[in-house]
Amino acid sequence: MADASSQTGRQVLKDGGTRPTRFRTFWNSFKENRGAVMGLWVFLAFLLVAVFAPFLAPYDPSAQFRDATLQPPVWQEGGTWGFPLGTDAVGRDMLSRLIHGARFSFFVGIVVVVVAATGGIIIGLIAGFAPTWLDTLIMRLMDIILAFPSLLLALVLVAVLGPTLLNAMIAIALVLQPHYVRLTRASVLSERSKDYVIASRVAGAGRARLMFITVLPNCLAPIIVQAALSFSTAILDAAALGFLGMGAQPPTPEWGTMLADAREFVLRAWWVVTLPGIAILVTVLAINLMGDGLRDALDPKLKRS
Amino acid sequence: MSLLKIRNLSVTFTTSSGPFRAVDKVDVDVRPGEILAIVGESGSGKSVSMLATMGLLPWTATVTADEMSFDGRDLRAMSGKARRRLIGNDLAMIFQEPMSSLNPCFTVGFQIREALRKHTSLDAKARHARCIELFEMVGIPAPERRLKAFPHQLSGGMNQRVMIAMAIACRPRLLIADEPTTALDVTIQAQILDLLTGLQAETGMGLILITHDMGVVAETAERVAVQYAGQKVEDQPVDALFDTPHHPYTAALLAALPERATERHLPTIPGVVPGQHDRPAGCLFSPRCKFADDTCRTIEPPVQPPELGLALCHYPLHAPQEAKA
Amino acid sequence: MLKFFLSRLGTFIPTFLGVTLISFAFIRVLPGDPIIVMAGERGLSQERYEALRSQYGFDQPLYVQFWEYFTGVLQGDLGTSFVTNRPVWDEFFSLFPATLELSICAIIIAIALGLPAGVIAAVYRGKFFDRALMSTALIGYSMPIFWWALLLIIVFSGNLGWTPVSGRMGLLYFFDDVTGFMLIDSLLSGQEGAFGSAVHHLILPSIVLATIPLAVIARQTRSAMLEVLSEDYIRTARAKGLSPGRVNGLHALRNAMIPVITVIGLSVGTLLAGAILTETIFSWPGIGKWMVDSIFRRDYPVVQGGLLMIAVMVMFVNLIVDLLYGLINPKIRKR
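Protein chains in written order, with the UniProt record's numbering: chain A, 1 to 305; chain B, 1 to 325; chain C, 1 to 335.
Bound conformation, chain A alone (with noise of 0.2 Å):
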C-alpha cells in the first residue's frame, strides 16, 4: 500500500514538471483555431508590406503618370504589367498606393491603440481603486462620452483639431478610450477582493504597487482582446473620416482617402474602388479572426469542452 502511495505520489509531481507554460497553454489553444491562425498570418504580411512598403512599391506613391489615366488591371483589357492594379484618374498607379497605404492603417492602429490603452488603463486602475465620490465621476465622464456615436463624436472632434491624420488618431484614441477604462474597472474590482491582494495589502504593499504590479497583470486578458478588437475598429474609423473629408487629406494614399477620391468613378472605373476596400476588409478582417481566437485562448469560460 506504502508502494503504491508513493508511486502515484511521483506521478503526480512529474505531471507537474512537464505541465506546459502560460504561454505554451495559450498558443496550444490559439494554434487550434484555424481562423485565428490565419488571421496572424495576414497580419504579419501587411506588417511586413506596411515596413518595408518603399522597397515593394514599384513606383512613387504620388507619381502621377499623365498618358495612362483610369488605365484599368492587367487581366482586364487594356491593362499593362506596368501598372499590374491599375492607375487612378490622374495615373498614379494603383499597387503603389495601396503598399503605402498599408502604412497608414498600420500607423493609425498602433498610436491609436497604445494612447486609449494606456490612458484607458491608468484611468481604469485609477477607478478602481479611488474611493467612491472619484470612481463615479470618472465612471460618470465615461458614460457621457460613451453616450455618443462614436464616428461623430471624432467627426465633431476632427472638426474642432482640423482635418489632418494626426487629429484623426487622436480623435479615435478620444473615443474608444472609455472602454479600456470600463474594462479595467471591472477586473480590478473583481480582482481587488480576492485573497492574493489583500495577501499583499497585509504584506505591506504600497497603492501603486498593489495597482500596476500586484493586480493589473491579472487583469490584462481582457485588455488584450480589447486592443485586438480596437485596432481594428481604429482602421475602420480612420477610413470613414478619410472617406468623409475629416483624416488624411489627398493626396495621401491612405485607403478611406483614395476611395473618397474613387467615389466620382464608381460607375466608371472599378478597380479604384473596389482594391482599396478590399484592403480595408482584410485587413480587418485579419485582425478581427485573431483578436476572436486570442479570446477564446484566453478566456476559458469560452474554451471548447
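To be clear, the hints were calculated from the coordinates, so they are not data collected in a lab. On a predicted model such as this, the values are computed, not experimentally measured, just so you know. The reader is advised that the hints may include incorrect statements.
Mimicking DSS-like on lysine-lysine, the simulated pairs with C-alpha atoms at most 27 Å apart in a straight line are [to be verified]:
| hint | chain 1 | residue 1 | chain 2 | residue 2 |
| --- | --- | --- | --- | --- |
| 1 | B | Lys290 | B | Lys25 |
| 2 | B | Lys148 | B | Lys125 |
| 3 | B | Lys81 | C | Lys127 |
| 4 | C | Lys127 | A | Lys31 |
| 5 | B | Lys25 | B | Lys5 |
| 6 | C | Lys3 | B | Lys148 |
| 7 | B | Lys5 | B | Lys81 |
| 8 | B | Lys118 | B | Lys148 |
| 9 | B | Lys5 | B | Lys125 |
Given the coordinates of chain A, assemble chains B and C onto it according to the supplied hints.
Using the frame of chain A, we list chains B and C on its own:
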C-alpha cells in the same frame, strides 16, 4: 423481467486532447419497484451512464451498448420523437443542483405544467389541480402561492422538492435521482431522502439513486452497484454488500465509513481515480489496491459469478473456497 | 422595480448635464470666430460685428452663456442655424423622420436575420451551418460600410439598374408630409407607384445600415445561446421530453435574450454612427447627412444642437433597454 436493462454500455467523450472513456462496459438492471443505488467517487461515470440512458448527453459523447431497453422497448432503436414521449413520462430524472436545474426565467408552476401538457391529456384546470396535489405530495406549504414563484425566490431544498414534483408529475415507472442531496444542507438531506423513499413506496415506481454516500445507501437502497473509473466493480443486495464485500474497492469504501472505524485514524484510499491520461493497464484499481500483484497490473480482471457479487477482480474477497480474509 | 427605475433615472440626469456641457464646450473651442464664419465672404463692419456678438451672446462670460444655453435646451431652444436661419430644433425634427425610418428598417432587418442566424449557429455548433453563418457574420462585422455601400451601388444601381442611387423618393411623385415616413406618406397619398418608389429607395441604404448590427446581433446571440445551452436547466427541460424546438426556442432563447437585448440597445449608437456614412453616400436627407454638411459649413449652432439631440436619443434608448432588461430578467423584476 427487468424494467431497465442495459448491457455493455460504453460512453466516450471527444475532447480536445483525445477521446475519453467515461463509462466502460457497464451493465444495469432495475426491476419494477426496486431501489438501486449506484455508488462511486466523483468521476466514476455514474451520472454519465444514467444521462446516456435518458439520452441527455452533449453532442461530444458517443454511446454504444449491446442492449439498452426500458420495459422491453429498445431505447437505441427508438426515434428521437418516441424517446421524448418516454422520458419525462415513464422515465424521469432529478439532478444534483436544484438551484441551477430550474429555468430562472419561468415560474416553477409553468415548468411543471409544461411537463403535464406534454405527456398528459389534462386540461388547464386539471393541470393546475395536479400541480397543487404534487406540491402537497412533496411537502411544499402554500402551493397556490409557490406555484407562481420563480426559482431564485425559493431555497435549495424547496427547489429540489419542485424538481421531484416535476419528475413524478406524470407518474413515472422509473425515477433516476442523481445525487439529489449533495448540494443541500445536512438537515434537509434526510428530509429529501425520506420524501423520495416515501414516494417510491407510495407509487411503486423503480428508483435509481446515484450517490457517493455509503450512509445514504445503507438507509435507502435494496441493491447496490459500485462503480469505479467508469466500470461496474460490484453488484449485490445491500445487506450482503455491507456484510461481505467481494471487491477490494468496496471493502475500502466501507472501511472508510466513520461508523465502522476500529482505529483512531479513519482509513482512506490512497491516490485518486485515474483520469484521461493515466489509466493503468490491467485492473483500473490496481495502483490503489493493497492486494494487487503483477497479474492485476497487466491483465484485465474477469467478472466473477453472481455469488461473488459480479466483482470485477482477479482475487475477490470473501471467496468461500479461499481462506484469504 | 421602482427602485431599479429610480436608480437608472439617477444616473440619467448627471449624464444629461454632462452631455449638454460637452456639446456646449465644443462650439467655444472650435477654431475661428463663428460670427466671421457666418458673415461669409461679404465681410462685416465693426458695429455690425459687435451687434451680432451680443445678439448671439458671445460677449457674455462663459458661465452666463452656458446657463442661457442650458435653460434654452430645457425649453426646446437649441439656437438658430447660421445658414438657414431656422431654429435648430425645427430642423432636427423635420429631418428626424427620415433617419428614423431608415434606422427602423435597418434594425428590423438586423434582428429578423441576426437572431435566427445566431440561434441556428449555436444549435448546429461546429457544423457547416455554424461555420458558414459565423464566417459571414465576421465579414459583415469587419466591413467598411461606406465601401460596402459603393459596391452595392455598382452592382444593383450600376450593372443591374434595379435601385436608384440616392434620395428617398422618385422625382415624379409629389405629396404632403403627414408623418414624415415615406413608406406611410406614399401610401396615404394614393399615388400609384409612389410606395414602390419609396421601397426602392429604402432597400440599399437599409441593407448597408443593417450590416454591422446584423453581424453583431448574430455573433452575440450565438455566444449567449452557447452559454445557456450548457446550463443545467436546459438538461432539465430536455429530461421532460420537450421537443428541441421548444427547448432551444423557448427555454434557451428566453435566457439568451437577456444579454442580446443589451446588444441590440447598444447597436442604436452604432446605427446612428452608421447613418452618418450611409446618409452621406445615398444623399439621404436625414440627421446624419445634416450633421456632416453642418460640420463642413461650420454651422456651429446646428453641430452643437444636433450633437446634443443625438446623445440624448442614445441615452433614452439605453434607458429603455435597461428597463426592458429588468422586465425580461425576473431576477431584477421581483427583487
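Checklist entry - Keeping to a limit of 27 Å between CA atoms, is the pair of C/Lys3 and B/Lys148 held or broken? => result holds, 22 Å
Next on the checklist: Would the hint linking B/Lys290 and B/Lys25 be met if the CA-CA limit is 27 Å?
Outcome noted: Distance of about 24 Å is within 27 Å: holds.
Next on the checklist: Does B/Lys81 sit within 27 Å of B/Lys5, going by the straight-line distance between their CA atoms?
Outcome noted: holds, 21 Å
Next on the checklist: Can you confirm whether the C-alpha distance between B/Lys118 and B/Lys148 stays at or below 27 Å?
Outcome noted: holds, 20 Å
Next on the checklist: Given the hinted pair C/Lys127 and A/Lys31, is their Cα-Cα distance within 27 Å?
Outcome noted: Satisfied, since the Cα-Cα distance of roughly 20 Å is no more than 27 Å.
Checklist entry - Regarding the pair B/Lys5 and B/Lys125, is the alpha-carbon distance no greater than 27 Å? => result Measuring from Cα to Cα gives roughly 37 Å; hence the hint is violated.
Checklist entry - Is B/Lys148 close enough to B/Lys125, meaning Cα to Cα at most 27 Å? => result holds, 15 Å
Checklist entry - Does the alpha-carbon distance linking B/Lys81 and C/Lys127 stay inside the 27 Å limit? => result holds, 22 Å
Item to check | 27 Å Cα cutoff - pair B/Lys25, B/Lys5 | outcome: This hinted pair holds, its Cα atoms lying about 13 Å apart.
Comparing the model with each earlier hint shows a violation of hint 9 alone; every other hint is respected.
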